[in-house]
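Chains as they are written, first to last, in my numbering: chain A, 17 to 130; chain B, 273 to 384.
Check each hint, because a few of them may be wrong.
Ranges of calculated distance between the beta carbons of each label pair, as one might list FRET restraints [stated by the list, open to error]:
#	chain 1	residue 1	chain 2	residue 2	range
1	B	TYR322	A	ASP54	43 to 49 Å
2	B	LEU327	A	ASP70	47 to 53 Å
3	B	LYS383	A	THR87	44 to 50 Å
4	A	LYS86	B	LEU327	27 to 33 Å
5	A	SER100	B	PRO353	44 to 50 Å
6	A	LYS69	B	GLN286	30 to 36 Å
7	B	LEU327	A	PRO55	30 to 36 Å
8	B	ALA350	A	HIS26	34 to 40 Å
9	A	ASP70	B	SER298	26 to 32 Å
Calculated from the structure, these hints are not laboratory results.
These numbers come from a predicted model, not from an experiment.
Ideal Cβ positions, reconstructed from N, Cα and C, are used throughout, including at glycine.
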Amino acid sequence: DAGITQSPRHKVTETGTPVTLRCHQTENHRYMYWYRQDPGHGLRLIHYSYGVKDTDKGEVSDGYSVSRSKTEDFLLTLESATSSQTSVYFCAISGQTFSTDTQYFGPGTRLTVL
Amino acid sequence: GQQLNQSPQSMFIQEGEDVSMNCTSSSIFNTWLWYKQDPGEGPVLLIALYKAGELTSNGRLTAQFGITRKDSFLNISASIPSDVGIYFCAGRFSGNTGKLIFGQGTTLQVKP
Numbered sequence: 017d018a019g020i021t022q023s024p025r026h027k028v029t030e031t032g033t034p035v036t037l038r039c040h041q042t043e044n045h046r047y048m049y050w051y052r053q054d055p056g057h058g059l060r061l062i063h064y065s066y067g068v069k070d071t072d073k074g075e076v077s078d079g080y081s082v083s084r085s086k087t088e089d090f091l092l093t094l095e096s097a098t099s100s101q102t103s104v105y106f107c108a109i110s111g112q113t114f115s116t117d118t119q120y121f122g123p124g125t126r127l128t129v130l
Numbered sequence: 273g274q275q276l277n278q279s280p281q282s283m284f285i286q287e288g289e290d291v292s293m294n295c296t297s298s299s300i301f302n303t304w305l306w307y308k309q310d311p312g313e314g315p316v317l318l319i320a321l322y323k324a325g326e327l328t329s330n331g332r333l334t335a336q337f338g339i340t341r342k343d344s345f346l347n348i349s350a351s352i353p354s355d356v357g358i359y360f361c362a363g364r365f366s367g368n369t370g371k372l373i374f375g376q377g378t379t380l381q382v383k384p
């Protein structure tokens, strides 16, 4: 295991409420990523971080924000959750091995927005 | 946005059969990765390919980096029930901070 935990693992919330998902790593990896997984779409990148306080948008970033105040934690926030954000969210890390290409994934968070 | 076309979308095979799946892209990648996802878990890296034409094996799995750099193939020989899961290909462009583009996945079911 690559030392990645995600919390919570499951969450049910209502439309319009704020939601924060947490990714925690113990590997001191530089890069961290948030993906969402939906049937027929594979994994799509939401946001990523290339260092503390350094973040950038992925391909499906609308409605999401992120923060990284420490190397080990990367937070994903849905400011006002919508039903279209019902999905499984995965955090990934990379950057400590000889290549930055190898991403290791966390166990996922299943989010349901009613 | 960029897309990878992964096929087939799903496969239902008999235990012991060989399996082939592939990914194609309109863009050139400098890295191809293959992941497997078990139900309720995150994807796990199976094979990484870094050079056009490269052929790499991991047990019963063999993957190839297409010579055009626009495609990749994964073969599983003598399938077993624990091969069940979703297989994803992923491609990486040169110099983009490790960002990957994923295929839609191939769902594999194996009948004992």
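Worksheet item: If you check each hint against the structure, which ones fail?
Response: 1, 2, 4, 5 and 6
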